[in-house]
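2 protein chains.
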Amino acid sequence: MPISEFDLIARYFARQDVRRPDVPLGVGDDCALLRAPAGMDLAVTTDTLVAGVHFPENTHPEALGHKALAVNLSDLAAMGAEPAWAMLALTLPQADEAWLEAFARGLLGLAARYGVQLVGGDTTRGPLSVTLQVFGFVPQGKALRRDAAQPGDLICVTGTLGDAGLGLRIAQGKLAAPAPYAEYLLGRLERPGPRVETGLALRGLAHAAIDVSDGLVADLGHILDSSGVGATVQVERIPVSAAFRELVADDWNTALGSGDDYELCFTLPPERRAELEKSCAERGECCTCIGVIEQRPGLRLLRNDGSAFDLAAQGYDHFRG
Amino acid sequence: MPISEFDLIARYFARQDVRRPDVPLGVGDDCALLRAPAGMDLAVTTDTLVAGVHFPENTHPEALGHKALAVNLSDLAAMGAEPAWAMLALTLPQADEAWLEAFARGLLGLAARYGVQLVGGDTTRGPLSVTLQVFGFVPQGKALRRDAAQPGDLICVTGTLGDAGLGLRIAQGKLAAPAPYAEYLLGRLERPGPRVETGLALRGLAHAAIDVSDGLVADLGHILDSSGVGATVQVERIPVSAAFRELVADDWNTALGSGDDYELCFTLPPERRAELEKSCAERGECCTCIGVIEQRPGLRLLRNDGSAFDLAAQGYDHFRG
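Going down the list, the sequences are from chains D and H.
The first sequence begins at 324 in our numbering and counts up one residue at a time.
The second sequence begins at 324 in our numbering and counts up one residue at a time.
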């Protein structure tokens, strides 16, 4: 009996190296069967990337496969969850073998790095779109939630901000950059590295956490809203890359407003700062404290000289679209 | 700070009645936190419905919301799993309040009927498409798998087959039907009732099971392939509705080949037949035994007089598209 090309695709994604003992039944039945460890909550997230909206139609499929998983792993990282399983709902205009081979390589490569098993999914014909669900484990009561920030907490971020935003401008031809900077910034846009290890290290250390997908102001705003608190951020302390400094100097709007960096923003009791720094140093990662949580609602942005940084006056336009 | 219309949509879907104690954290953080009961496997499935492919663009949004969940619950039913949670990845060309209200009513209405809590999701702009993931519980080792059919098992189906296929022809203007029949058949196409209770009742009773989404020949074929067995089916024993009989009489091709009925097809040790019939009678449901699993590979279709039923000669064309 002939089988459809889309059945072939499903078989294709079954070619993976990760075989976890907590997956009694993976791809190929009506459901996957999964076994979560005792004492753990299951952290589950889903994100959709639509061609022409979240990525250009001509995005390299390997980068797309990587990014589709990375943005979901970033959500797990922001909860302090350990990645375990993924499901893929892939909608494709046609079954293009070369495209699929590259897409699967990007996705399964990142999955293997974190021991994530692809346990099922659905492949359909239609406008190009990728929906992934990712599952992870976090000890009961230990998840890093948005609503757990406390007045007095330090506000910290991993890595550097604004790089993916500059990468997007380069991709769109709106910003010129020397090759090494362009390569770095496009890499930050197209192949973000989820902060999984940092998220795990922050369990029991940080109070609240979120990943920076929509821009620092927007995402920190979610923590403030959920926790019923406010904050002051020292804008000029926001960590930016050498490429960022070289190309746009102190364009703090981009550092505050541009998304897609997939760094973590978290709040930390000040007495745990030394522990945080030790933990970051051990992993060779960089965390920077840029502000403080306060009782008074609202987000206050300050320059190093103590003057207010006015987003609107600086042409901040993240919410226009 | 202004929030986007798509954030508003997310809040909209948070309006639901089901609040389960096994959901420590639902909609509104980076991940949902879920707590599966001890001793249970998690059964997880995902299905995508794309406008213009799986449903006409002008499908009523309430019916679409119902169906998107129903087809996923049907996969849980086919594993013998008890529904618990759902996540929604919804891609929409624009945020149309009336459309969304009706879509949510269809989805959340069916969810409430089965005690399913919507625990998260993602709403994005793009060509209309609905991806749902649904999670259920099944005692470890008790799931109804496709690979568990044994020679000698009876092949049984729930309800009637071919109705949704006729509904599709009516929707496409290819078949005329008196109003009551048309209404019934369109209802079968647009608002399928997943066989959740039957799936639960089949735990420990049936060997293998699958839901009939692609047509009996295709779906029974999956059981045969996975189990490494063959079968003989008595075509004229396939249960069909009064509407089916009236409109297309003994068009067994439609009963064998048309999809979207979301009935269950399962295999049963013959000595358990009386138990099955008692269990069906208690629920007021109908199960019909239509054939037998055999060691010899392949699917043999017979008429009541013992002659072979030739699918190809009958114009069976399920695999052409």
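No lab work stands behind these hints: they were computed from the structure.
Glycine included, C-beta positions come from ideal geometry on N, C-alpha and C.
Don't take every hint at face value.
To be clear about the criterion: a stretch of chain H counts as covered by chain D if any three or more of its residues have a C-beta under 8 angstroms from a C-beta of chain D, and this derived list gives those stretches [claimed, not checked]: (1) 345 to 353; (2) 375 to 389; (3) 500 to 509; (4) 579 to 590.
Okay, the calculated beta carbon distance ranges per label pair [what the hints assert, rightly or not]: (5) H:P344 with D:D548: 19 to 27 angstroms; (6) H:A435 with D:A597: 46 to 54 angstroms; (7) D:E424 with H:A418: 35 to 43 angstroms; (8) D:R560 with H:P462: 49 to 57 angstroms; (9) D:A418 with H:D548: 52 to 60 angstroms; (10) H:Q473 with D:G432: 47 to 55 angstroms; (11) D:Q495 with H:P344: 21 to 29 angstroms; (12) D:R338 with H:P344: 35 to 43 angstroms; (13) D:G551 with H:A435: 46 to 54 angstroms.
What hint numbers does the structure not satisfy?
3, 4, 9, 10, 11, 13
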